[in-house]
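Starting from the known structure of chain A, arrange chains B and C on it as the hints suggest.
Okay, here's what each chain looks like letter by letter:
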Amino acid sequence: MKKHKGIRKTILFFSLIVITFLINLPIITMILNSFKSNSEMRTSTHILPQNFTLENYLHLHTQTMFWTQFKNSVIVTFWGTLLSIIVAAFAGFAISRFRSTFISIYSKSLLMLQMFPIILVLIPLFIMFRHLELINTLYSVIILYVTLHLPFAIWMYKGYFDSIPRELEEAARIDGCNRFQTFIKIILPISGPGIAAVAIFSFLFSFNEYLIANIFLKTEDVMTIPVGIQLFMQQYSSDWGSITAAATLTMVPVFLFFLFVQKYFIAGSAAGAVKG
Amino acid sequence: MSLLNISKAEKPLNRRKIDWAPYNFLLPSLILIAMINLYPLIVGVMYSLQDGTLIQPGDFAGIQNYIDLFRMSEFYNSLYFSAVFAFFGVIGSYLAGLGLAVLINKDVWLKGFFRVALLVPWIIPSIVSIVGWRWLIADENALLNEIITFFGFSSINFLGTEGGAIFSVILIKIWRSFPFMMVSILAALQTINNDLYEAATIDGANRWKSFLHITWPSIKGISVVCWILMTIWSFNDFDTIWLLTQGGPINATENLIVLAYNYTFIKSELGIGSSIAIVSLIILMGLAYLMLRFQEED
Amino acid sequence: MRNKMRFLNVLLLAIIFTIIVGCSSDSSSSENRTNNSSNGNTSGENNKGESGEVVELSFWDMSWGPSEYITAAEEIVDQFNREHPDINVTYQSTPWANWYQTFTTAIASGTAPDISTGAGFQAFQFYGQDAILPIDDVIEEWEAEGKLDDFYPGTIEAMQYDGHYLALPWGLDTRVYWYRKDLFEDAGVEVPTNWEEFREAANQLTDGDGQYGLAIEGGANNGVHTLFTLIFNNGGGIFTEDRHVELVNNELNQEAIQFLADLQADGSINPASPGMGQDDALNSFGQGKAAMYLGTPGTRGEFPEITDEVGILPALESPNGNKGTVMWVNNIMLYKQTEHPEEAKTFLKWWSENQLPLWTEGDSNQLPARVSFSEEPYFQEDQDYKFVYDEYIPNAFTTSTYFNGSFPELNEIEGDGVLQSLAQQILSGKDVMSAMEEAEGGLQDIMGE
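Residue numbers (the numbering used here), protein chains in the order written: chain A, 1 to 276; chain B, 277 to 574; chain C, 575 to 1023.
Derived by calculation from the structure, the hints in this document are not laboratory data. One should not assume that every hint holds.
[Unchecked claim] Straight-line distance between alpha carbons at most 16 Å, and here's what the computed EDC-like set of lysine to aspartate or glutamate pairs gives:
#1 C:K1004 x B:E438
#2 A:K185 x A:D175
#3 B:K543 x C:D990
#4 A:K5 x B:E438
#5 A:K5 x B:E573
#6 B:K496 x A:D162
#7 C:K919 x C:D711
#8 A:K185 x A:E167
#9 C:K923 x C:D704
#10 A:K108 x B:E572
#11 C:K923 x C:E717
#12 C:K910 x C:E717
#13 B:K543 x C:D711
#14 B:K543 x C:E717
#15 C:K721 x C:D736
#16 A:K71 x A:D221
#17 B:K496 x B:E573
#18 A:K9 x B:D383
Looking at chain A on its own, in the form it has when it is part of the complex:
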């Protein structure tokens, strides 16, 4: 029985290795390409770099504003994620637990707001932010990112909170907690996986968003990475060396960060014990 389990575990492990490799193939070629010179990328059919070079990274480091833009991306992502997981948690809880006509209209219209493509209406928003004198600052994109993924984040939370049994709160109420306290003391601590999921989404949305940032961030020193990368693309040809190097440098810390935090959403699975 034990041996059988060991074999299955090995098979599972190696299938996951293969799947992960295949899924990441486009990324792996991208990383490998970042170690080729621009012209090798264009002229060589080999997958591995023939003349391993760090020139793209050096170029990025010395000739461009990559690190400033990296810092901007980090700021935007941090605040975007933090604010949205807080604001959305309250709303998600309300929608999950309370019933009234207004709440049900609100929760349904959240979905509708998700449905309208923001690209087409950036101009009124732009004018609004111009009156607030927030154009070309990071606050404009932070506020926009938080709000634009609120509907989604609220829905994620709602789905998650729905799965948490109400008996817990009843017990807390008997102990004399009010709703707010119940929410803070009982619900949030066991919502690790839910918060993590929402946070990951917010993080990625803020980190990768391009269209809004492109419109609201004008100068090179306030651009986020996705916009900065576009500067390497010319009209008819592009600086793939810088693009791949920038992409790799962007990806690696995120990957490491996720590797680190994923423990916490596993730890959050202790929530499962509640049901038992």
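Coordinates of chains B and C only, in the frame set by chain A:
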């Protein structure tokens, strides 16, 4: 008496005293959403009733834009492609996400590494991932085709034919979206107590039965939310298509949002562009309603 | 208890807003610093600065070359600022991606730059929406001073629309056929000089194992450029002299498009071409998988490692003995929203006369529109630029041919996808006549005919 469950039956009693608590919870999100989500939507509706361009909005045109729209064959082509794209995109990414979530929820070596490595397609900016894909599938000399021919199959013209391009954008959409499904489902899977499965096994339930009776009820809620959101995102997906095919070849991969973008920003016909967005909004609302009904069924 | 709840909520809101405001005041100091350099960005805000004497101008420049280009351009702007203490120009490099949206948003919200470069017909399209400030006085002044003679013939005229000059030419963008000398040699194929030889060569250089005579980025602009190149090569044009669409009825056009269809039918064009995106065909050429490629005059610079293996074909002769290729006159324009038109014109003139380092230092991918620049050693000693100036530029036509001048719809004609779809249909082996008729209908729609 429980204050937590304000059921409809209790309401008349509480009518005089309005319970503000839920609204306090909602207030921060309400302010932001009204300002930044609702306002542009209203402007969008107004645009769709006007002619003119973004720079010079024109006169009120009533429903003329919608009439024009419903007479255009490209609208129906795009609608059809949007539907195909969204349908296969949602199904594909859901199944892939579910499968992988179940796999990495198991006890496996390097669990943490896999969880993150499988997120990568979602971590990176769209421009970067699409470029990576282009290198893999550009033509018969590209890596993926080399692999395919290595195994003795004939190479695939991924982007050069209409059918190939439709297949490719859907494939890449699935690739970009499954991690989202995976993470969401994983979060729900983790709320399940593993003892339940063991108990079920002892009771003689097979895997399918334990999935149906233990796993599914826990992930149904989040699944429906994921379907709805992915349907919306697929319908409104601009990046994947624009960066990969720009709607081509021969408009085969032009979805509603690309069409709306073309009308708004390239043809400078703001009214038509906005009315496309409104029509697709209405369609999405219909779909979302159906899915919500499914969620509330039991 | 309820009060407490409400209090907590207010507190939370307060926290959130402090965070927002907090971070805003926190970095406002750094923002101020950047604002000094970016203030000209929003002309409306310049009012504040008017109490001082320095006039702020913002100049948006597209990325017309490698990253050295931006550095070179910034240095030129710095030099201008040093020489003009009363004017401060802020340089801003603008990405090509979604450029139209960037400019539309800026104009619609009153935050347009004072000056910008842009896509070939940007000035005309935005003039149609009342956003461009004509520069008739600059042209008049320079004409009187004889300074216009320095511009390549026809380039100033190409800036005309509606009785005004809308922009100043600065760069010429053209397309030439590049070929792989090594592949030609290996296959023992002579360098073609006319269409017949071109077709024959393309056929012989297709080896049935991943190598093709030609690769075309049909999913990007390259497909449309191929159409224009062949049409002008054959002496055709998609407009009549009085600006009507005439694609199908012009036999020269038919012949040109049929030629592309023949190449496709021969199997000489990489079948992935209808979907090839930016750089796919260029890379294919670099990897020796395509023997010929329609590129910019600067294409050699993309391949330092095989620089001796590539060359430009001589201008091909079409069956009726014609030569020619497509050309765009890139230009620099002023916006109506500018509050300092005089200063903007001062900069415009200065920039036009002092921008040589864009090439010598910045390796711009354009050819200069000024004859005197083109006579500089940087161009004369460059085998490709010299060749293109001598061999191609004299027979280069703008996309409005046979009409003389430009008009707003040209931007849409290139960007809208009608011609792209035509190219893709031909590259997919669809019927030539029906594809052309469909395209003609689309073009007529755009022109409002």
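Status of each hint after checking the structure:
1. C:K1004 x B:E438: Cα-Cα ~12 Å, so holds.
2. A:K185 x A:D175: Within the cut-off at roughly 12 Å; holds.
3. B:K543 x C:D990: holds, 7 Å
4. A:K5 x B:E438: violated, 47 Å
5. A:K5 x B:E573: violated, 39 Å
6. B:K496 x A:D162: Cα-Cα ~11 Å, so holds.
7. C:K919 x C:D711: Between K919 of chain C and D711 of chain C the Cα gap is close to 9 Å, so the pair holds against 16 Å.
8. A:K185 x A:E167: Judged against 16 Å, a Cα distance of about 14 Å means the pair holds.
9. C:K923 x C:D704: violated, 23 Å
10. A:K108 x B:E572: holds, 13 Å
11. C:K923 x C:E717: holds, 13 Å
12. C:K910 x C:E717: The hint is violated at about 23 Å.
13. B:K543 x C:D711: violated, 31 Å
14. B:K543 x C:E717: Violated. K543 of chain B to E717 of chain C sits at ~35 Å, over the 16 Å cutoff.
15. C:K721 x C:D736: With a Cα-Cα distance of about 23 Å, the restraint between K721 of chain C and D736 of chain C is violated, given a limit of 16 Å.
16. A:K71 x A:D221: Satisfied, since the Cα-Cα distance of roughly 10 Å is no more than 16 Å.
17. B:K496 x B:E573: holds, 11 Å
18. A:K9 x B:D383: holds, 8 Å
Checked against the numbered hints listed earlier, the structure breaks hints 4, 5, 9, 12, 13, 14, 15; every other hint is satisfied.
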